[in-house]
Amino acid sequence: MTARTILTKMHGRVAAGVPPWAVRTAYAITLVTLPSCIWRIAGVNLGAPLLEHNSSASGSSDTPDMFGGGWWYVIGLSVFSEALAFLSFGLVTRWGEVWPNWMPGLRGRRVPTLAAVIPAGLGSVALLIFPYALVMIALDMKIDGEPLGLAIHGWQSVAFWIAYAPLVAWGPLLGVLTVHYYRRRRAARPAAVESQEAGAALTP
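So for the sequence shown, this note's numbering puts the first residue at 1; every next one is plus one.
By construction, these hints were calculated from the structure, which means they are not laboratory data.
Positions of the beta carbon are idealized from the N, C-alpha and C atoms, including for glycine.
Just to be clear, a hint being listed does not mean it is correct.
Label pairs and their in silico Cβ distance ranges [to be verified]: (1) L148 x A16: 21 to 31 Å; (2) G108 x L46: 20 to 30 Å; (3) W155 x P119: 15 to 25 Å; (4) A187 x P147: 45 to 55 Å; (5) P100 x P19: 37 to 47 Å; (6) R186 x N101: 23 to 33 Å; (7) S157 x L46: 18 to 28 Å.
Can you make the complete structure from the sequences, with help from the hints?
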């Protein structure tokens with residue numbers, strides 16, 4: 001089994017008319033989130049020396065303020081981030097145009113263009129918080145201006161920024177993919193047909 005076949009099974013068949021650059025952009029979105037997930041799990045959950053760990057009297061290591069919530073929060077945040085990033089494949093594959101068979105009442109119907117464009121567009125705008133958040137982290141502050149307390153020094157700082165700097169590209173990449181999806185779907189389907197399908201999808 002080739003690598004291309006394995007990847008196709010993971011994200012589904014690429015939709016007709018999708019150029020290679022759009023597929024590569026979807027892959028890039030999943031990759032820009034991966035380093036930060038690995039850093040969090042390795043540094044916070046596994047105790048890797050990617051940051052300073054403050055040991056308590058019981059011998060356990062305190063979770064840094066920016067990851068307040070415990071080990072389960074770090075795992076959940078990482079899984080959630082990758083799941084959100086994976087949804088970008090819906091903008092380039094068939095399951096982003098036709099509802100999958102496991103969705104009762106919708107299976108086999110075409111996905112209304114705006115049903116994908118609106119959440120993806122809002123997501124791309126919301127993700128623009130990352131540049132601001134990273135600037136605040138550089139100033140050792142949370143996004144609300146409170147002290148962050150992230151203890152990283154020397155090579156740890158380099159590792160942190162290598163892991164987190166790619167997140168800046170998430171929002172713009174998703175925005176580009178969303179615009180392309182919208183233009184491609186609108187060019188393929190007349191507006192009147194899209195309007196009818198959107199109404200049918202919302203009708204019980």
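Right, here's what the structure says about each hint:
no.	hint	result
1	L148 x A16: 21 to 31 Å	violated (47 Å)
2	G108 x L46: 20 to 30 Å	violated (44 Å)
3	W155 x P119: 15 to 25 Å	violated (39 Å)
4	A187 x P147: 45 to 55 Å	holds (51 Å)
5	P100 x P19: 37 to 47 Å	violated (23 Å)
6	R186 x N101: 23 to 33 Å	holds (26 Å)
7	S157 x L46: 18 to 28 Å	holds (19 Å)
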